[in-house]
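Participant: What follows is each chain in one-letter form.
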Amino acid sequence: MLIGKPPDIPSSAITSKDRYLNRRRFLRGAVSGVVATGVAALGAERLAEVFSPRIGAMAGTKLETVKSPLTTTGEQLTSYDDITHYNNFYEFGVNKDEPAKNAGGLPIRPWTIRVDGKVKAPKTFDIDTLLKLRPLEDRVYRHRCVEAWSMVIPWVGYSLSEFIKLCDPLPSAKYVQFLSYYDKHVEKWSLDQAISWPYSEGLRMDEAMHPLALLTFGLYGEVLPNQDGAPVRIVVPWKYGFKSAKSIVGVRFLDKVPPTTWNDQAPSEYGFYSNVNPNVDHPRWSQKTERRIGLPFYAQRRTTLMFNGYADQVASLYTGMDLKRNY
Amino acid sequence: MKRLTLILLKTLTWLACLGQFGLLVYEAVTNTLGPDPSSKIALSTGYAALLLLIVSLAITPLRRLSPRLSWLIKFRRLLGLFAFFYATLHLLTYVALYAGFDVNTMETDIAKRRFITMGVAAWLLLLPLAATSTNWAIRKLGGKRWNRLHKLVYVAAVCGVIHYWWQVKPGVLSPLMLTVVLGVLLLARPVLAWFQQRKACAA
Chain L
1 MLIGKPPDIP SSAITSKDRY LNRRRFLRGA VSGVVATGVA ALGAERLAEV
51 FSPRIGAMAG TKLETVKSPL TTTGEQLTSY DDITHYNNFY EFGVNKDEPA
101 KNAGGLPIRP WTIRVDGKVK APKTFDIDTL LKLRPLEDRV YRHRCVEAWS
151 MVIPWVGYSL SEFIKLCDPL PSAKYVQFLS YYDKHVEKWS LDQAISWPYS
201 EGLRMDEAMH PLALLTFGLY GEVLPNQDGA PVRIVVPWKY GFKSAKSIVG
251 VRFLDKVPPT TWNDQAPSEY GFYSNVNPNV DHPRWSQKTE RRIGLPFYAQ
301 RRTTLMFNGY ADQVASLYTG MDLKRNY
Chain H
1001 MKRLTLILLK TLTWLACLGQ FGLLVYEAVT NTLGPDPSSK IALSTGYAAL
1051 LLLIVSLAIT PLRRLSPRLS WLIKFRRLLG LFAFFYATLH LLTYVALYAG
1101 FDVNTMETDI AKRRFITMGV AAWLLLLPLA ATSTNWAIRK LGGKRWNRLH
1151 KLVYVAAVCG VIHYWWQVKP GVLSPLMLTV VLGVLLLARP VLAWFQQRKA
1201 CAA
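Top line first, the protein sequences correspond to chains L and H. So that you can map any letter, position 317 of the first sequence is 317 in my numbering, and since no number is skipped, the others follow by simple counting. Numbers in my numbering are just positions in the second sequence, counted from 1, shifted up by 1000.
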């Protein structure tokens, strides 16, 4: 007899679905509460770290990843510690060690990317939707900074082209612009420089559609730490690092070259293309060699490769172009 | 000033000036120079050189403020020579770790890159000053000529600050602090001279 039988468990005792789904967060909260009480004696700063950790709460979370044929082999990886404590993220300070200290306030959830410009219709993508869009791939890439230092980084993401297809760009879209998050209250260090924010970068459409261009969510199999451009960034391994915009909130399709931050700042030093090219010097230093991060001072120097070693894959994008003029 | 106080203060100055060098040696030996050791060595020696040069330029205006500060002169040569010491380390870092002892690279850099040209100029200006820093050289040159020669320190400091501005990316304002301090110290000289002249006239 089913009718009238009282449920075994009173509804008041059932954990709500919301609570159930958030049980890990609840546990983490409860644990950090207990821990916080414990360490309160150690001082207010330590306490603040527990409630709002300097490295975003998501950093270190494992991501489910698959192998990729587009990964770079035969290079020794730069350590996680160096990749996360030697950053150019000027919104959080100009010194390399500052972003790791200052980027804790970057609000990585909720997070959306606004897509507009030459598209069928403007759209907004949620970060958690983007994370599930395609399998996340492990892709080791060389990373060459325009300042002549380099790393080897195991990124996590999928080809930017997969995302662009979903944006429905119009045939008139020839360029794509990436806009980084900007809030002068969160990124007060940005005001110490005579640079106009938000940070903007851009690619030609065929460059953006190249399978090596990566929409990036993680490194070393884990969610990106804030200072490395959480929660989502661009990685273009054959170009100087500043082309790979961090913490993206806007993607705009255009029929002309978008304004980009460093190109606006000093056009003679930072071209729109900024392909890694040992034959074209930066006005202030040679680009023939680079310093590999994480090695002893006497062993850092190494030769810089054309297109950062990705010439076989990307050189065809630039056939017929004078790369000395279009630096 | 008592002899003992002077010895104590000089020892402390030596230790303070050698601090940065000692730290770099310790970090190099223990491999704790950080992610980019070459740039750490280059930046910290360059900064130490400029800072010490500017501190040495503060001595004269400070002494003019009060006769009771005249003993500060005993520290000027020490500070100036340490500035030259760090400038030389800075230059050697460039020669070894950046140019890889390659003469062609250095020639191109000096000819083509204005921030390197300016840095080399600053070092070359300091060289005769360091060479004539002994009591023997002062006697040999005579106080007046020695003083005139050592006016070059102002040019060297200005070159050093310009070198710093030309090295950072346009829009980065990190050299601002040292620039303002140097500006104040250079302006302090004519301003103090003018005040003293007025006092002398009134008396």
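Treat the hints as calculated values from the structure; they're not laboratory data. Treat the hints loosely; a few may be bogus.
To be verified - Calculated pairs, BS3-like style, for lysine-lysine (alpha carbon to alpha carbon, straight line, at most 25 Å):
id: 1; chain 1: L; residue 1: Lys118; chain 2: L; residue 2: Lys165
id: 2; chain 1: L; residue 1: Lys118; chain 2: L; residue 2: Lys174
id: 3; chain 1: L; residue 1: Lys62; chain 2: L; residue 2: Lys101
id: 4; chain 1: H; residue 1: Lys1040; chain 2: L; residue 2: Lys101
id: 5; chain 1: L; residue 1: Lys184; chain 2: L; residue 2: Lys256
id: 6; chain 1: L; residue 1: Lys288; chain 2: H; residue 2: Lys1074
id: 7; chain 1: L; residue 1: Lys165; chain 2: L; residue 2: Lys132
id: 8; chain 1: L; residue 1: Lys132; chain 2: L; residue 2: Lys67
id: 9; chain 1: H; residue 1: Lys1140; chain 2: L; residue 2: Lys288
id: 10; chain 1: L; residue 1: Lys324; chain 2: H; residue 2: Lys1169
id: 11; chain 1: H; residue 1: Lys1169; chain 2: L; residue 2: Lys184
id: 12; chain 1: H; residue 1: Lys1169; chain 2: L; residue 2: Lys188
id: 13; chain 1: H; residue 1: Lys1169; chain 2: H; residue 2: Lys1040
id: 14; chain 1: H; residue 1: Lys1169; chain 2: H; residue 2: Lys1074
id: 15; chain 1: L; residue 1: Lys288; chain 2: H; residue 2: Lys1169
id: 16; chain 1: L; residue 1: Lys324; chain 2: L; residue 2: Lys120
id: 17; chain 1: L; residue 1: Lys165; chain 2: L; residue 2: Lys67
id: 18; chain 1: H; residue 1: Lys1112; chain 2: L; residue 2: Lys324
id: 19; chain 1: L; residue 1: Lys120; chain 2: L; residue 2: Lys101
id: 20; chain 1: H; residue 1: Lys1074; chain 2: L; residue 2: Lys101
Just so it is clear, the structure is predicted and the values come from calculations on it, not from any experiment.
Participant: Does each hint fit the structure? Answer for all of them.
Facilitator: Going through the hints against the structure:
1. Lys118(L) - Lys165(L): holds (13 Å)
2. Lys118(L) - Lys174(L): holds (9 Å)
3. Lys62(L) - Lys101(L): Between Lys62(L) and Lys101(L) the Cα gap is close to 22 Å, so the pair holds against 25 Å.
4. Lys1040(H) - Lys101(L): Measuring from Cα to Cα gives roughly 18 Å; hence the hint holds.
5. Lys184(L) - Lys256(L): Distance of about 29 Å is beyond 25 Å: violated.
6. Lys288(L) - Lys1074(H): At roughly 47 Å apart (the allowed maximum being 25 Å), Lys1074(H) and Lys288(L) break the hint.
7. Lys165(L) - Lys132(L): Given that 25 Å is the threshold and the Cα spacing comes to 15 Å, the pair holds.
8. Lys132(L) - Lys67(L): Holds. Lys132(L) to Lys67(L) sits at ~16 Å (cutoff 25 Å).
9. Lys1140(H) - Lys288(L): violated (48 Å)
10. Lys324(L) - Lys1169(H): Judged against 25 Å, a Cα distance of about 21 Å means the pair holds.
11. Lys1169(H) - Lys184(L): holds (21 Å)
12. Lys1169(H) - Lys188(L): holds (19 Å)
13. Lys1169(H) - Lys1040(H): holds (17 Å)
14. Lys1169(H) - Lys1074(H): violated (39 Å)
15. Lys288(L) - Lys1169(H): holds (20 Å)
16. Lys324(L) - Lys120(L): Answer violated: Lys324(L) to Lys120(L) is near 36 Å, above 25 Å.
17. Lys165(L) - Lys67(L): holds (22 Å)
18. Lys1112(H) - Lys324(L): holds (17 Å)
19. Lys120(L) - Lys101(L): Distance ~41 Å between Lys120(L) and Lys101(L) Cα, so the pair is violated.
20. Lys1074(H) - Lys101(L): Violated, because 42 Å separates the two Cα atoms, which is more than 25 Å.
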